[in-house]
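Novice: Got chain A; can you put chain B on it based on the hints?
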Amino acid sequence: MASAKGSLRSELGRVRGLGSAKEGVHHWWAQRVSAIALIPLSLWFVACIVFLIDVDRATAVQWLGSPVTLGLMSLFLIALIYHAVLGLQVVVEDYIHGKAAKLILLLIIQFAGFGLAATGIIAMLLITLYGG
Amino acid sequence: MASHPRPTSPHLQIYRPQLTSILSILHRIAGIFLSLGILALIYWLVAAASSAEAFDQAQSLAASIVGRSLLFLWTGAFFYHLLNGLRHLAWDAGWGFELTAVYRSGWAVLIGSVVLSLAAWALGYWARGGL
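So the protein lines, in turn, are chains A and B. For the first sequence, position 44 (counting from the first letter as 1) is numbered 43 according to numbering that gives the first Met the number 0, and the numbering increases by one without interruption. For the second sequence, position 36 (counting from the first letter as 1) is numbered 35 according to numbering that gives the first Met the number 0, and the numbering increases by one without interruption.
Since the hints were made in silico from the structure, they are not lab data. Accuracy of the hints is not assured; some may be wrong.
Here are some chain B residues the structure puts well away from chain A; computed CB gaps all over 10 Å [claimed, not checked]: (1) P4; (2) Q12; (3) P16; (4) S20; (5) I21; (6) L22; (7) S23; (8) L69; (9) L72; (10) G93; (11) F96; (12) L98; (13) S104; (14) A107; (15) L109; (16) V114.
Derived DEER-like restraints, expressed as beta-carbon distance ranges [said to hold, decoys possible]: (17) B:L72 / A:H26: 20 to 30 Å; (18) A:H25 / B:I64: 42 to 52 Å; (19) A:G70 / B:A51: 23 to 33 Å.
Heads up, the beta-carbon is just placed ideally off N, CA and C, and yes, glycines get one too.
Okay, chain A solo, but in the shape it has when bound:
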C-alpha cells in the first residue's frame, strides 16, 4: 500500500491523475436551478394543456399564438429540455459502462436536446407570427 495514509484514492486513480474536474458542482447546481424554474412553468403548462387536449387547430393556435404563451412556452421548453438532458446524462453515466456506447448516447442526448428545443421554439414563432 503506497497510498498516503487515510486517502481513499485508488492507486490507479493516482497514476492516471484523474481527480475532480471541478465540474460536479456545476452540474448539481444547474439541475436544481432548472428544477426550481420548472415548478411554476410546468404547473402553468399542465394547467393550460388540460383544456387543450382535444380542441381544434383554430383554438389551439389562438392560445399558442399569444405573446405571453410564446414567452412562457419558450422558457418552459428551455428549462424542461435542459433539465432532461442533465438528468439523462447522469442516468447514462451511472448505468452504461461501455466507453463507446456511453459516448454515443451522451452525444445523442445533447444533440437531441438542442434540436428539440430549436424545433419547438421555431414552431412557436411560426404560430405566433403567421397564425400557424
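Specialist: Quick look at chain B alone, frame taken from chain A:
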C-alpha cells in the same frame, strides 16, 4: 495494485425493497419517461404550426386509447417527479432527514401524485362536459 481486495457493497438484489429505495428509483424512471414526453410535445407543437390536417392527426393520436393511456401515465409521472423533486430540494436545504420524516414525506408524495393526477383529469373531462 492494492495488496488487499477493496471492500465491495452487497449487490442490489440482496436488499429488501423499502419505500425509500422504491421511491428513489421511481424518480429516475419517471424522469426518463417524462423525457420521452418531450418528443410528443414537440411533435404536437410542430403539428399545430403545420396544417389543420397535421394537427387533427396529432389530436386523434392523443385521443386514442394508447394516446390517452400515455397521457395519463405522463400526468402521473409528472406529479410524482414534481412532488418528489420538491422532497429532494427540501433535503438539499437540510430539511426532513429524520427517518420518520423521510417516510412521512414519501407517503405524502405518493398519495399527492395520485390525487393531483386524478384531479387534473377530472378537471379536463369536466371542462369538456364529460367523457
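Novice: For every hint, state whether the structure bears it out.
Specialist: Hint by hint, here is what the structure shows:
Listed as outside the interface, B:P4 is consistent with that label: its C-beta sits roughly 12 Å from the nearest C-beta of chain A, beyond the 10 Å cut-off. Its beta-carbon lying about 16 Å from the closest one in chain A, B:Q12 satisfies the requirement of being farther than 10 Å from that chain. Residue-level check passed: B:P16 sits 19 Å from the nearest beta carbon of chain A, beyond 10 Å. The beta carbon of B:S20 is kept farther than 10 Å from every beta carbon of chain A, the shortest such distance being approximately 15 Å.
Against chain A, the non-interface label of B:I21 holds: every CB pair exceeds 10 Å, the least being about 17 Å. Chain A leaves B:L22 outside its interface by the beta-carbon criterion, the shortest separation being 16 Å against a cut-off of 10 Å. Distance to chain A confirms B:S23 as a non-interface residue, since its nearest Cβ pair spans about 12 Å, more than 10 Å. Non-interface call for B:L69 relative to chain A: holds, since the shortest CB-CB distance, roughly 12 Å, exceeds 10 Å.
Annotated as non-interface, B:L72 keeps its C-beta farther than 10 Å from every C-beta of chain A; the closest such distance is 14 Å. Listed as a non-interface residue, B:G93 keeps its Cβ farther than 10 Å from every Cβ of chain A; the least gap is roughly 14 Å. No Cβ of chain A approaches the Cβ of B:F96 within 10 Å, the least distance being about 17 Å, so the stated non-interface status holds. Taking the minimum C-beta to C-beta distance to chain A, about 24 Å, the non-interface status of B:L98 holds against the 10 Å cut.
Listed as a non-interface residue, B:S104 keeps its Cβ farther than 10 Å from every Cβ of chain A; the least gap is roughly 16 Å. The claim that B:A107 lies off the interface holds: its Cβ sits roughly 17 Å from the closest Cβ of chain A, which is beyond the 10 Å cut-off. At roughly 19 Å from the closest C-beta of chain A, the C-beta of B:L109 stays outside 10 Å, upholding its exclusion from the interface. The claim that B:V114 lies off the interface holds: its Cβ sits roughly 14 Å from the closest Cβ of chain A, which is beyond the 10 Å cut-off.
The hint said 20 to 30 Å for the Cβ distance between B:L72 and A:H26, and at roughly 28 Å that hint holds. Remark: the range hint 42 to 52 Å for A:H25 to B:I64 is upheld by a beta-carbon distance near 44 Å. In this structure the supplied range 23 to 33 Å holds for A:G70 paired with B:A51, their Cβ-Cβ distance being about 25 Å.
Taken one by one, the earlier hints all hold for this structure without exception.
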